[in-house]
Amino acid sequence: MKQFDAIIIGFGKGGKTLAAELAKREQKVAVIERSDKMYGGTCINIGCIPTKTLVHLSKLTPAGSSFKEKREYYRQAIARKEEVTSMLRKKNYHNLADNPYITVYTGTGSEVLRIKAPQIFINTGSETVIPPIEGIKDNPSVYTSTSIMEMKELPERLVIVGGGYIGLEFASMYASFGAKVTVLESYPQFISREDRDIADSVKETLEKKGISFILNAKVQEIKGNTVVYRNAENGETHVLDADAILLATGRRPNTRELRLEAAGVEVNERGAIIVDEFLKTTNPQIRAIGDVKAVYNSPISLWTTTVSFAKICSESSSAP
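Just so you know, the sequence shown maps onto residues 26 to 345 in the working numbering.
Some clues are possibly wrong.
What the hints assert, rightly or not - Listed below are the simulated DSS-like cross-link pairs for lysine-lysine, each with C-alpha atoms no more than 27 Å apart in a straight line: (1) LYS62 x LYS115; (2) LYS49 x LYS228; (3) LYS53 x LYS233; (4) LYS49 x LYS177; (5) LYS116 x LYS93; (6) LYS233 x LYS205; (7) LYS116 x LYS205; (8) LYS106 x LYS177; (9) LYS115 x LYS205; (10) LYS84 x LYS305; (11) LYS38 x LYS106; (12) LYS141 x LYS162; (13) LYS27 x LYS49; (14) LYS305 x LYS93; (15) LYS243 x LYS205; (16) LYS27 x LYS84; (17) LYS234 x LYS177; (18) LYS49 x LYS38; (19) LYS234 x LYS95.
Unchecked claim - Pair ranges (Cβ atoms, derived): (20) SER217 x LYS49: 44 to 54 Å; (21) ALA224 x GLN310: 40 to 50 Å; (22) GLN245 x GLU178: 25 to 35 Å; (23) LYS93 x MET26: 56 to 66 Å; (24) GLU159 x LYS115: 21 to 31 Å.
Rather than coming from a laboratory, the hints here were simulated on the basis of the structure. Ideal placement from N, C-alpha and C gives every residue a C-beta, glycine not left out.
The task is simple: from the sequences and hints, build the whole structure.
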(Lines of atoms letter the chains of each structure in order from A and count residues from 1; the text may use other names and numbers.)
(Lines give C-alpha, C1' and ligand atoms only; values in the text may rest on other atoms or scores of the structure.)
Protein backbone atom coordinates (compact mmCIF):
# COMPACT_ATOMS: atom_id res chain seq x y z
CA MET A 1 0.00 0.00 0.00
CA LYS A 2 1.43 3.36 -1.06
CA GLN A 3 1.97 5.89 1.72
CA PHE A 4 1.34 9.65 1.40
CA ASP A 5 1.46 12.54 3.82
CA ALA A 6 -1.97 13.73 2.70
CA ILE A 7 -4.83 12.55 0.49
CA ILE A 8 -7.10 15.15 -1.10
CA ILE A 9 -10.41 13.97 -2.56
CA GLY A 10 -11.45 16.46 -5.23
CA PHE A 11 -9.49 18.64 -7.67
CA GLY A 12 -11.33 21.90 -6.95
CA LYS A 13 -9.97 25.29 -5.95
CA GLY A 14 -9.37 24.42 -2.31
CA GLY A 15 -7.90 21.00 -3.06
CA LYS A 16 -5.49 22.08 -5.76
CA THR A 17 -4.33 25.11 -3.73
CA LEU A 18 -3.71 22.95 -0.67
CA ALA A 19 -1.92 20.27 -2.71
CA ALA A 20 0.46 22.82 -4.21
CA GLU A 21 1.19 24.38 -0.81
CA LEU A 22 1.88 21.03 0.84
CA ALA A 23 4.13 20.05 -2.06
CA LYS A 24 6.16 23.23 -1.47
CA ARG A 25 6.78 21.84 2.01
CA GLU A 26 7.97 18.59 0.43
CA GLN A 27 4.91 16.66 1.56
CA LYS A 28 3.82 13.71 -0.60
CA VAL A 29 0.25 14.34 -1.72
CA ALA A 30 -2.33 12.17 -3.52
CA VAL A 31 -5.13 14.03 -5.30
CA ILE A 32 -8.15 11.93 -6.28
CA GLU A 33 -10.53 13.23 -8.95
CA ARG A 34 -13.46 11.10 -10.07
CA SER A 35 -13.55 12.46 -13.66
CA ASP A 36 -10.89 13.56 -16.10
CA LYS A 37 -13.39 16.26 -17.16
CA MET A 38 -13.14 17.92 -13.75
CA TYR A 39 -9.43 18.63 -13.34
CA GLY A 40 -9.35 22.12 -11.84
CA GLY A 41 -12.80 21.87 -10.25
CA THR A 42 -16.26 23.32 -10.75
CA CYS A 43 -15.34 26.90 -11.65
CA ILE A 44 -13.15 25.94 -14.58
CA ASN A 45 -15.22 23.09 -15.98
CA ILE A 46 -18.92 23.55 -15.22
CA GLY A 47 -19.22 26.83 -13.32
CA CYS A 48 -17.82 30.33 -13.60
CA ILE A 49 -15.58 30.03 -16.67
CA PRO A 50 -17.89 28.19 -19.09
CA THR A 51 -21.02 30.09 -18.06
CA LYS A 52 -19.34 33.49 -18.31
CA THR A 53 -17.81 32.52 -21.65
CA LEU A 54 -21.27 31.65 -22.96
CA VAL A 55 -22.84 34.76 -21.43
CA HIS A 56 -20.26 36.90 -23.25
CA LEU A 57 -20.73 35.06 -26.54
CA SER A 58 -24.53 35.22 -26.25
CA LYS A 59 -24.32 39.02 -26.26
CA LEU A 60 -22.56 38.81 -29.63
CA THR A 61 -25.39 36.86 -31.29
CA PRO A 62 -25.86 38.51 -34.71
CA ALA A 63 -28.79 40.92 -34.59
CA GLY A 64 -31.59 40.31 -37.08
CA SER A 65 -30.45 36.80 -37.91
CA SER A 66 -32.89 33.93 -38.48
CA PHE A 67 -33.32 31.22 -35.87
CA LYS A 68 -31.42 28.83 -38.13
CA GLU A 69 -28.50 31.28 -38.16
CA LYS A 70 -28.74 31.68 -34.39
CA ARG A 71 -28.53 27.91 -33.99
CA GLU A 72 -25.37 27.81 -36.05
CA TYR A 73 -23.87 30.63 -34.00
CA TYR A 74 -24.82 28.78 -30.80
CA ARG A 75 -22.96 25.66 -32.01
CA GLN A 76 -19.88 27.81 -32.55
CA ALA A 77 -20.27 29.32 -29.06
CA ILE A 78 -20.45 25.86 -27.46
CA ALA A 79 -17.34 24.81 -29.39
CA ARG A 80 -15.51 27.93 -28.20
CA LYS A 81 -16.57 27.25 -24.61
CA GLU A 82 -15.19 23.73 -24.90
CA GLU A 83 -11.87 25.05 -26.22
CA VAL A 84 -11.54 27.38 -23.22
CA THR A 85 -12.41 24.77 -20.59
CA SER A 86 -10.23 22.12 -22.23
CA MET A 87 -7.22 24.43 -22.23
CA LEU A 88 -7.69 25.40 -18.58
CA ARG A 89 -8.38 21.80 -17.53
CA LYS A 90 -5.15 20.63 -19.14
CA LYS A 91 -3.18 23.46 -17.54
CA ASN A 92 -4.59 22.68 -14.09
CA TYR A 93 -3.85 18.99 -14.46
CA HIS A 94 -0.21 19.57 -15.35
CA ASN A 95 0.21 22.17 -12.59
CA LEU A 96 -0.24 19.30 -10.14
CA ALA A 97 0.64 16.13 -12.04
CA ASP A 98 4.05 17.47 -13.12
CA ASN A 99 5.00 18.16 -9.50
CA PRO A 100 7.23 15.34 -8.17
CA TYR A 101 5.52 15.49 -4.77
CA ILE A 102 1.98 15.14 -6.15
CA THR A 103 0.28 12.08 -7.64
CA VAL A 104 -3.09 12.51 -9.38
CA TYR A 105 -5.49 9.55 -9.39
CA THR A 106 -8.63 9.46 -11.50
CA GLY A 107 -11.53 7.51 -9.99
CA THR A 108 -13.76 7.66 -6.93
CA GLY A 109 -12.34 7.67 -3.43
CA SER A 110 -13.71 4.17 -2.83
CA GLU A 111 -12.03 2.87 -6.00
CA VAL A 112 -8.55 4.16 -5.14
CA LEU A 113 -7.97 1.63 -2.37
CA ARG A 114 -4.25 1.04 -2.10
CA ILE A 115 -3.09 4.36 -0.75
CA LYS A 116 -3.09 5.75 2.79
CA ALA A 117 -2.16 8.91 4.67
CA PRO A 118 -2.41 10.33 8.19
CA GLN A 119 -4.57 13.17 6.88
CA ILE A 120 -7.46 13.19 4.40
CA PHE A 121 -9.11 16.30 2.95
CA ILE A 122 -12.57 16.11 1.37
CA ASN A 123 -13.07 18.68 -1.38
CA THR A 124 -15.89 17.19 -3.46
CA GLY A 125 -17.95 20.37 -3.87
CA SER A 126 -21.68 20.39 -4.56
CA GLU A 127 -24.13 18.85 -7.00
CA THR A 128 -27.49 19.79 -8.53
CA VAL A 129 -30.56 19.00 -6.46
CA ILE A 130 -32.83 16.74 -8.51
CA PRO A 131 -36.39 17.16 -7.21
CA PRO A 132 -38.69 14.12 -6.93
CA ILE A 133 -40.77 15.04 -9.95
CA GLU A 134 -42.26 12.26 -12.04
CA GLY A 135 -40.82 12.08 -15.54
CA ILE A 136 -37.36 13.49 -14.83
CA LYS A 137 -35.36 10.27 -14.69
CA ASP A 138 -33.78 9.24 -18.01
CA ASN A 139 -35.64 12.02 -19.82
CA PRO A 140 -33.39 13.28 -22.66
CA SER A 141 -35.18 16.64 -22.67
CA VAL A 142 -34.29 17.39 -19.04
CA TYR A 143 -30.96 19.08 -18.26
CA THR A 144 -29.01 20.37 -15.29
CA SER A 145 -26.82 23.48 -15.31
CA THR A 146 -23.92 21.14 -16.12
CA SER A 147 -25.42 19.05 -18.91
CA ILE A 148 -27.16 21.92 -20.70
CA MET A 149 -23.77 23.44 -21.54
CA GLU A 150 -22.99 20.27 -23.49
CA MET A 151 -26.16 20.65 -25.58
CA LYS A 152 -25.14 21.34 -29.17
CA GLU A 153 -28.52 22.50 -30.51
CA LEU A 154 -30.10 25.77 -29.38
CA PRO A 155 -33.63 25.01 -28.12
CA GLU A 156 -36.35 27.14 -29.62
CA ARG A 157 -38.37 26.89 -26.39
CA LEU A 158 -36.59 26.52 -23.03
CA VAL A 159 -38.46 26.02 -19.77
CA ILE A 160 -36.43 26.61 -16.60
CA VAL A 161 -37.66 25.09 -13.35
CA GLY A 162 -36.42 27.41 -10.61
CA GLY A 163 -36.05 31.17 -10.51
CA GLY A 164 -32.93 31.47 -8.38
CA TYR A 165 -29.61 32.97 -9.43
CA ILE A 166 -28.51 30.00 -11.54
CA GLY A 167 -31.87 29.82 -13.30
CA LEU A 168 -31.85 33.54 -14.04
CA GLU A 169 -28.31 33.48 -15.43
CA PHE A 170 -29.22 30.72 -17.86
CA ALA A 171 -32.52 32.41 -18.71
CA SER A 172 -30.73 35.61 -19.69
CA MET A 173 -28.03 33.72 -21.61
CA TYR A 174 -30.39 31.56 -23.66
CA ALA A 175 -32.72 34.46 -24.36
CA SER A 176 -29.72 36.34 -25.77
CA PHE A 177 -28.86 33.36 -27.96
CA GLY A 178 -32.42 33.46 -29.34
CA ALA A 179 -34.44 30.92 -27.35
CA LYS A 180 -37.92 31.68 -26.03
CA VAL A 181 -37.48 31.24 -22.27
CA THR A 182 -40.10 30.61 -19.59
CA VAL A 183 -39.12 30.46 -15.92
CA LEU A 184 -41.30 28.54 -13.45
CA GLU A 185 -40.82 29.79 -9.89
CA SER A 186 -42.55 28.03 -7.00
CA TYR A 187 -42.44 31.07 -4.69
CA PRO A 188 -45.06 33.84 -4.91
CA GLN A 189 -42.34 36.51 -5.17
CA PHE A 190 -39.56 36.94 -7.70
CA ILE A 191 -36.11 36.45 -6.03
CA SER A 192 -37.86 36.86 -2.69
CA ARG A 193 -34.68 37.32 -0.64
CA GLU A 194 -33.80 40.56 -2.44
CA ASP A 195 -35.14 44.04 -1.79
CA ARG A 196 -38.30 44.60 -3.83
CA ASP A 197 -36.91 47.54 -5.80
CA ILE A 198 -33.91 45.45 -6.88
CA ALA A 199 -36.05 42.41 -7.66
CA ASP A 200 -38.51 44.48 -9.70
CA SER A 201 -35.68 46.08 -11.67
CA VAL A 202 -34.10 42.70 -12.47
CA LYS A 203 -37.47 41.25 -13.52
CA GLU A 204 -38.22 44.21 -15.76
CA THR A 205 -34.81 43.95 -17.44
CA LEU A 206 -35.22 40.23 -18.10
CA GLU A 207 -38.78 40.60 -19.36
CA LYS A 208 -37.52 43.15 -21.89
CA LYS A 209 -35.36 40.33 -23.28
CA GLY A 210 -38.53 38.32 -23.87
CA ILE A 211 -38.31 36.06 -20.79
CA SER A 212 -41.63 35.01 -19.25
CA PHE A 213 -42.01 34.39 -15.51
CA ILE A 214 -44.71 32.26 -13.91
CA LEU A 215 -44.80 32.52 -10.12
CA ASN A 216 -46.54 30.13 -7.69
CA ALA A 217 -45.79 27.36 -10.18
CA LYS A 218 -45.48 23.91 -8.57
CA VAL A 219 -44.22 21.44 -11.16
CA GLN A 220 -46.19 18.20 -10.87
CA GLU A 221 -44.87 16.09 -13.72
CA ILE A 222 -42.77 16.15 -16.88
CA LYS A 223 -44.15 14.15 -19.79
CA GLY A 224 -41.50 14.00 -22.48
CA ASN A 225 -41.19 17.62 -23.62
CA THR A 226 -44.22 18.82 -21.65
CA VAL A 227 -44.11 20.36 -18.18
CA VAL A 228 -47.24 20.03 -16.05
CA TYR A 229 -47.48 22.54 -13.22
CA ARG A 230 -50.10 23.67 -10.69
CA ASN A 231 -50.77 27.24 -9.70
CA ALA A 232 -50.37 27.17 -5.91
CA GLU A 233 -52.67 30.17 -5.50
CA ASN A 234 -55.77 28.96 -7.31
CA GLY A 235 -55.02 25.24 -7.78
CA GLU A 236 -55.35 25.32 -11.56
CA THR A 237 -53.22 22.92 -13.62
CA HIS A 238 -51.37 24.11 -16.73
CA VAL A 239 -49.03 22.57 -19.31
CA LEU A 240 -46.04 24.01 -21.15
CA ASP A 241 -44.36 22.52 -24.21
CA ALA A 242 -40.61 22.84 -24.49
CA ASP A 243 -37.67 21.71 -26.58
CA ALA A 244 -35.48 21.58 -23.46
CA ILE A 245 -36.15 21.72 -19.72
CA LEU A 246 -33.50 23.01 -17.31
CA LEU A 247 -33.59 22.09 -13.62
CA ALA A 248 -32.27 25.05 -11.65
CA THR A 249 -33.54 23.79 -8.31
CA GLY A 250 -30.52 24.47 -6.14
CA ARG A 251 -27.35 22.64 -5.15
CA ARG A 252 -26.33 20.48 -2.21
CA PRO A 253 -23.04 19.13 -0.81
CA ASN A 254 -21.70 16.24 -2.87
CA THR A 255 -21.41 13.61 -0.12
CA ARG A 256 -23.88 10.89 -1.08
CA GLU A 257 -21.31 8.46 -2.48
CA LEU A 258 -18.51 9.03 0.04
CA ARG A 259 -19.62 6.45 2.65
CA LEU A 260 -18.81 8.96 5.38
CA GLU A 261 -20.54 7.02 8.11
CA ALA A 262 -17.95 4.26 7.75
CA ALA A 263 -15.22 6.84 8.48
CA GLY A 264 -17.03 8.36 11.45
CA VAL A 265 -17.69 11.64 9.67
CA GLU A 266 -20.98 13.32 10.57
CA VAL A 267 -23.10 15.44 8.24
CA ASN A 268 -26.00 17.80 8.85
CA GLU A 269 -29.56 17.58 7.48
CA ARG A 270 -28.42 18.89 4.08
CA GLY A 271 -25.63 16.34 3.80
CA ALA A 272 -22.95 18.96 4.47
CA ILE A 273 -19.95 17.78 6.47
CA ILE A 274 -19.83 19.22 9.98
CA VAL A 275 -16.51 20.90 10.77
CA ASP A 276 -14.93 22.93 13.56
CA GLU A 277 -13.12 26.26 13.22
CA PHE A 278 -10.08 24.45 11.82
CA LEU A 279 -12.12 22.47 9.28
CA LYS A 280 -11.76 19.21 11.21
CA THR A 281 -14.65 16.76 10.94
CA THR A 282 -15.83 14.40 13.68
CA ASN A 283 -12.96 12.16 12.57
CA PRO A 284 -9.85 14.11 13.64
CA GLN A 285 -7.81 12.74 10.71
CA ILE A 286 -10.27 14.08 8.14
CA ARG A 287 -10.95 17.69 7.18
CA ALA A 288 -13.46 19.14 4.73
CA ILE A 289 -12.95 22.22 2.56
CA GLY A 290 -15.09 24.12 0.09
CA ASP A 291 -18.80 23.71 -0.67
CA VAL A 292 -18.97 20.17 0.72
CA LYS A 293 -18.71 21.40 4.31
CA ALA A 294 -21.24 23.09 6.54
CA VAL A 295 -20.62 26.77 7.25
CA TYR A 296 -18.83 27.19 10.57
CA ASN A 297 -20.68 29.82 12.59
CA SER A 298 -17.94 32.37 13.20
CA PRO A 299 -18.30 36.18 13.27
CA ILE A 300 -14.82 36.46 11.75
CA SER A 301 -15.09 33.80 9.06
CA LEU A 302 -12.40 35.26 6.74
CA TRP A 303 -9.87 35.31 9.56
CA THR A 304 -10.93 31.81 10.60
CA THR A 305 -10.51 30.49 7.05
CA THR A 306 -7.01 31.99 6.80
CA VAL A 307 -5.97 30.61 10.16
CA SER A 308 -7.50 27.22 9.27
CA PHE A 309 -5.46 27.00 6.07
CA ALA A 310 -2.25 27.96 7.87
CA LYS A 311 -2.96 25.42 10.60
CA ILE A 312 -3.63 22.68 8.02
CA CYS A 313 -0.28 23.31 6.35
CA SER A 314 1.53 23.52 9.69
CA GLU A 315 0.05 20.28 10.99
CA SER A 316 0.69 18.51 7.67
CA SER A 317 4.33 19.57 7.75
CA SER A 318 4.75 18.00 11.19
CA ALA A 319 2.69 14.86 10.44
CA PRO A 320 4.58 11.57 10.77
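Status of the hints after comparison with the structure:
1. LYS62 x LYS115: holds, 10 Å
2. LYS49 x LYS228: violated, 49 Å
3. LYS53 x LYS233: The given pair, whose Cα atoms are some 55 Å apart, is violated under the 27 Å limit.
4. LYS49 x LYS177: Violated, at about 42 Å.
5. LYS116 x LYS93: Distance of about 35 Å is beyond 27 Å: violated.
6. LYS233 x LYS205: holds, 12 Å
7. LYS116 x LYS205: violated, 37 Å
8. LYS106 x LYS177: With a Cα-Cα distance of about 11 Å, the restraint between LYS106 and LYS177 holds, given a limit of 27 Å.
9. LYS115 x LYS205: Not OK: LYS115 and LYS205 at ~35 Å, beyond 27 Å, violated.
10. LYS84 x LYS305: violated, 44 Å
11. LYS38 x LYS106: Cα-Cα ~20 Å, so holds.
12. LYS141 x LYS162: Roughly 37 Å separates the two Cα atoms, so the pair is violated.
13. LYS27 x LYS49: holds, 20 Å
14. LYS305 x LYS93: violated, 54 Å
15. LYS243 x LYS205: holds, 21 Å
16. LYS27 x LYS84: violated, 51 Å
17. LYS234 x LYS177: Holds: LYS234 and LYS177 sit about 22 Å apart, inside 27 Å.
18. LYS49 x LYS38: The hint holds at about 17 Å.
19. LYS234 x LYS95: The given pair, whose Cα atoms are some 16 Å apart, holds under the 27 Å limit.
20. SER217 x LYS49: 44 to 54 Å: holds, 46 Å
21. ALA224 x GLN310: 40 to 50 Å: holds, 46 Å
22. GLN245 x GLU178: 25 to 35 Å: holds, 27 Å
23. LYS93 x MET26: 56 to 66 Å: Holds, at about 59 Å.
24. GLU159 x LYS115: 21 to 31 Å: violated, 41 Å
Checked against the numbered hints given earlier, the structure breaks hints 2, 3, 4, 5, 7, 9, 10, 12, 14, 16 and 24 and satisfies all the rest.
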